[in-house]
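First to last, the sequence lines map onto chains A and B.
Each residue of the first sequence is one higher than the one before, starting from 1 at the first, in the numbering used here.
Each residue of the second sequence is one higher than the one before, starting from 1 at the first, in the numbering used here.
Since no wrong hints were added, every one of them can be taken at face value.
These stretches of chain B come out as covered by chain A in the derived footprint (C-beta under 8 Å, 3 or more residues): (1) 61-75; (2) 89-102.
Looking from chain B toward chain A, a few residues come up when the C-beta cut is under 10 Å (computed): (3) THR58; (4) LEU106; (5) GLU110; (6) HIS117; (7) TYR119; (8) PHE172.
Beta-carbon label-pair distances, calculated as ranges: (9) A:ASN178 - B:ALA123: 41 to 49 Å; (10) B:ARG86 - A:VAL35: 40 to 48 Å; (11) B:ARG148 - A:VAL150: 31 to 39 Å; (12) A:GLY120 - B:ASP37: 54 to 62 Å; (13) A:LEU9 - B:ARG42: 34 to 42 Å.
Hints were generated in silico from the structure; no laboratory data involved.
Just so it is clear, CB atoms sit at the ideal spot from N, CA and C, and this is done for glycine as well.
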Amino acid sequence: MAAAYLALLRGQVRSQTSYRASFTVDLVSNLLVTVGDVIAILVLFRVTTELAGFSRSEALVVVGLSACAFACADLAVGNIDQLRRYVRTGLLDALLVRPLGALPQLLAMDLPLRKVSRAGFGVTVLVVFLALADIDWTPSKVALAVAAPVGGAAFFAAVFIAGATVAFWWIESGELANSVTYGGREIAYYPMTVYEGAFRRLFGFGLGFAFVAYYPALALLGREDPLGLPGWVGWVAPAVALPAAGVAAVAWRVGIRHYRSTGS
Amino acid sequence: MSAVIEASALRKEFTVRVRTGRLRRTRRTVTAVDGIDLVVERGELLGYIGPNGAGKSTTLKMMTGILTPSGGSVRVCGLAPVPQRRRLARRIGVVFGQRSLLWWDLPLRESFDLLRHIYQVPAGDHAARLRRCRQRLELDEFLDVPVRQLSLGQRMRGEITAALLHGPEVLFLDEPTIGLDLLSREAVRGFIAELGARGDTTVVLTTHDLNDIERLCRRLVVIDRGRVVHDGTLESLHERFGSTRRVVVDLDEPLAEPVDLPGVTLVGTAAQGRRLTFSLDGVGAGALVARLAAVAELRDLSVVEPAIETVVARLYTAGSRDTAASRAGVAAGPDAEPAPGRSWRAPSPTPGTTAG
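Turn these sequences into a full structure, and let the hints steer you where they fit.
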């Protein structure tokens, strides 16, 4: 079975690299976009050295964790927003007549290789910011520093997929799904103390974006949560990916039963 | 014989939103497939025809696991298409005339190789099937060209090959000849005919090309507005709709007295009675010719087979009237017309005799 998906991936790699020049341009422009994101945050810290109770190096750990998680998720499943096009044009038919899962096929066939540069940059940023921060490293903290971006990436991936399934019901959903995913990334970039009341409760805790980077960062830095949650929360925060993945899986299964194809 | 496809009371409804005002929209349920019963035996070559929007593609998509039925049941190769989609996919092949299942940017050769891995076909079987398709469909000259650069006819030959490489038990062909030039169409048709003749693959074919039907299908299922309006051979279709063979004779002199033969009706006279057209119903042309030869001098004679275009067109009109009436619960007037946009796309009608 794995061989079948590998074959799909190979086909995708061969297709994309068959347009050599455009592939290189994409690779570079994608890198520039992510670099720009991080520069925007560094610029913020030129104006202030403290952000809602967090020092520059502490806040950058949050940035690093969320940037890395998002870039990896974007590489793996980011192009799921193409589902809209597949549903609208009925192209999904072609995937459904093959003896493979539709979702893995969709991901393998649309794997945005050009986003490899972004993911690589995300990992670099995380490593650099972790090194700059004043962290008292222990083996369990090393493990958390790996688990947090992995869990965060899985969480973002689930958000991407759940958001994309809206297209099964509402073809004209447009950029709605992207506003949740990209908006969520922006929220995860900053310490939760930046946000106020209802907004923080809804996006940080309700939708779970606080657990992507903020809580793992607190645990790594050995800081108490100004918002009052116990210290162990940061250590289990990466598990937020599990309920998110569950929701995404249900949304996908129900959605595909609603697929209507197109005339003829 | 065992049934490969079994559908009973199969239904599919879609909800559509219709704009009824500047902002207001109302939901309306459209029934695309309205209770279809169908049994297809192993090795059959079935023509599944109907006007645009009759529900042909929707039926095929329910049989291949793409669409979830709204009601009724369907089994293909003993499997339920949607819940067992992936298992079923190994045992069926699908060709959509209007949609490519190949890799747009890759040459056919590589697409075929990828399919071998996706379907996990043993290399030997794969090579043998590919060799046969390469010969019969003449693929060699464009095997290394990216699919996006192929002509429609070339691509379609590639699509059919792709659908057969894993040795499917059932092949679903949704308008495989649509938009093809004469030569490609003939190549595709010949290949399908051969496939049908070998009898180990069941073929379900939807088409708007009536020549495909005459050439390929022993059994015809005609659907209109989501219902089966005819299921049988082409001949039984002709019988049922009173389309008859005609005999046109040219005589030296007009007949002295009318021909009186059961089943023979004089339907036209021309050239001052020297050219007569008879329609035959249950009588052989031979009997009529023998009778005519006895009473007059025959100069020329031709037998005109019924054109399937007219039969099918008549069937759709009749069918839609039937269903409209049965749905409304009242008899529709004789002037009940099929809804606009549901016209039959017949190829340019071939006058005179059709090749039998």
